[in-house]
Amino acid sequence: MTEPSLTSLYQQLILEHYRNPRNQSEIEGYTAEAHVSNPVCGDEICIQIRLAEDVIKEIRFVGKGCSISQASVSMMTSVVKGKSCDQAIQLAGRFADMMKGNQEVAADISMGDLRALRGVSKFPVRIKCALLGFDALRKALQKDQDVDRNVYSKREMIQ
Amino acid sequence: MSSKISKPAQYPFSDSFPILNEKVSGKSLVYLDNAATSQKPQCVIDALTEYYEHINANVHRGIHELSRKSTIAYEEARARLARFIGAAEAEELIWTRGTTEAINLVAGSWGLDSLKEGDEILISTMEHHSNIVPWQLVAQRTGAILRYIEIDDQGRLVLEDFPDLLNARTRIVSVSHISNSLGTVNPIRQIAEQTKSAGALLFVDGAQAVPHRRVDVQELGCDFYAFSGHKMCGPTGIGGLWARRELLESMPPYHGGGEMIRTVGRDESTWADIPHKFEAGTPNIAGAIGVAAAADFLEDLTFEAIAEHERSVISYAIERLSSIKDVQIFGPKDLVERSGVVSFVMGDAHPHDIATILDGEGVAIRAGHHCAQLVMHHFGVSATARASFYLYNSKEDVDRLAESLGLVQAIFSTS
Ligand SMILES: Cc1ncc(COP(=O)(O)O)c(C=O)c1O
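Note that the protein sequences, when read in sequence, are chains E and C. Note that the numbering used here has the first sequence beginning at 1, numbered continuously upward. Note that the numbering used here has the second sequence beginning at 1001, numbered continuously upward.
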């Protein structure tokens, strides 16, 4: 068995999003908001969404944490902007499938930059990092039944 | 490797630890997460096996031969650990699951019983969460006030403020002997003297001290001392609380159940003498026997040899890591004031990413807040990478760590 390679994990595009996150700031007049954190490592993400007729008109985030969690949420905001809530939730499900190693999703161009995160599936302890932004998305869209309440505290953002 | 070390006859200590032969990511393991838990030498593993193969029975209950043997082994282990930490008598050592339970025991027994509204509990921002949260809980229930000794920019307690923080309302001071997130060694004797003259009790969290140095609880002058077996080469799920006999006798029971009673009536019961008053239920018998074997192991090596070895490895680690671009090390600059913990950050590589990359090289470190979020806040970071060393680590391990950090640099400098 070959060892999962670090170069497959740390794609250029991931580091690029980590350093230059898209859609990072707060929005005025947001209609939905969610904050999630991973108490194990201290990563936090707060996202804000402006919905109009069930379409994500605007989505922004502030967060802190590792390259995987921050790149993932940055990529996610770029991909879901302009999509309907249902499409966004569906995308979250497809991304979770990719984290389980689904090759078909990893090859799907509609996943956009998120495909660069396919290597994370080989690093089980980091999958949670990649999913954190999607958990915030689900929670903000009030479809957060799948979010594990034990893992994510409801505590407010620390800083 | 032994050529660099002064007592070749005893080195390498690592030969005694079977797990160090494991391969991780196809590479030989470099285990640098010792502040979280230490590895176990063969003699400790053997003591556990021996117990389960030849002695296992419940203690203080049976008339039969195995129960007698098991009770003797369990109580001998207590006496062994009491001697190990310099207690005057074996009965002054209560077995607990570890440091966390020892703190909860004192907060729940002494704290709930003695603290009144307006009384003050003094801890520090350097503490492990297990030396913060139990005091918060007891403060909430009694109306006592929790106050903090702050830390400075080298992660040392600001002891100039200590006399002002101590006052007639201070009932207990609780601080760590050695910090798990920064490696700071606190001057316990000085703290003990000042606490005593203020008429308060001193609790010392010794989780990170007992594995590395000779601890003499009487000489330290504290009132309570706690430790965890798993950080000192012993098994998980066992640790101890020490306090003087009079203090323990004055405290109400913590948990109720079997083993801790003398008589049980319908409405009331009477308690067993210490230490059993605080040990309700079937204890971790194998754990106690295992940690006694760990104490033998450490004393056979001698703490002098362990300290000398660790000092050379840690000073080498600090030297190597300091020379890596963008590495920032937290904690005291003076090596005399620090133990085997090196907490650091590195440029914009998040500690979590550092730990993943190092893991790919077989180097196990910890990344996160290390159960010390108040320390992280103090330094304005949400996490650090932490390499923590123990007696079996070598300078070669430091080299592997430094080389792997070079890989982190290579990956993170490419865009
Ligand atoms: C300083 C300190 N205090 C308390 C603890 C808690 O010890 P345990 O988890 O063994 O109860 C630890 C270890 O995690 C520690 O490093």
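Hints are not guaranteed to be accurate.
To be verified - Within a straight-line C-alpha distance of at most 30 Å, the following computed DSS-like cross-link-like pairs (lysine-lysine) qualify:
id	chain 1	residue 1	chain 2	residue 2
1	E	Lys57	E	Lys122
2	C	Lys1069	E	Lys128
3	E	Lys122	C	Lys1023
4	E	Lys64	C	Lys1325
Hints were generated in silico from the structure; no laboratory data involved.
Going through the hints against the structure:
no. : hint                   : verdict
1   : Lys57/E <-> Lys122/E   : violated, 34 Å
2   : Lys1069/C <-> Lys128/E : violated, 48 Å
3   : Lys122/E <-> Lys1023/C : holds, 18 Å
4   : Lys64/E <-> Lys1325/C  : holds, 23 Å
The structure fails hints 1, 2 (numbered hints given earlier, in ascending order).
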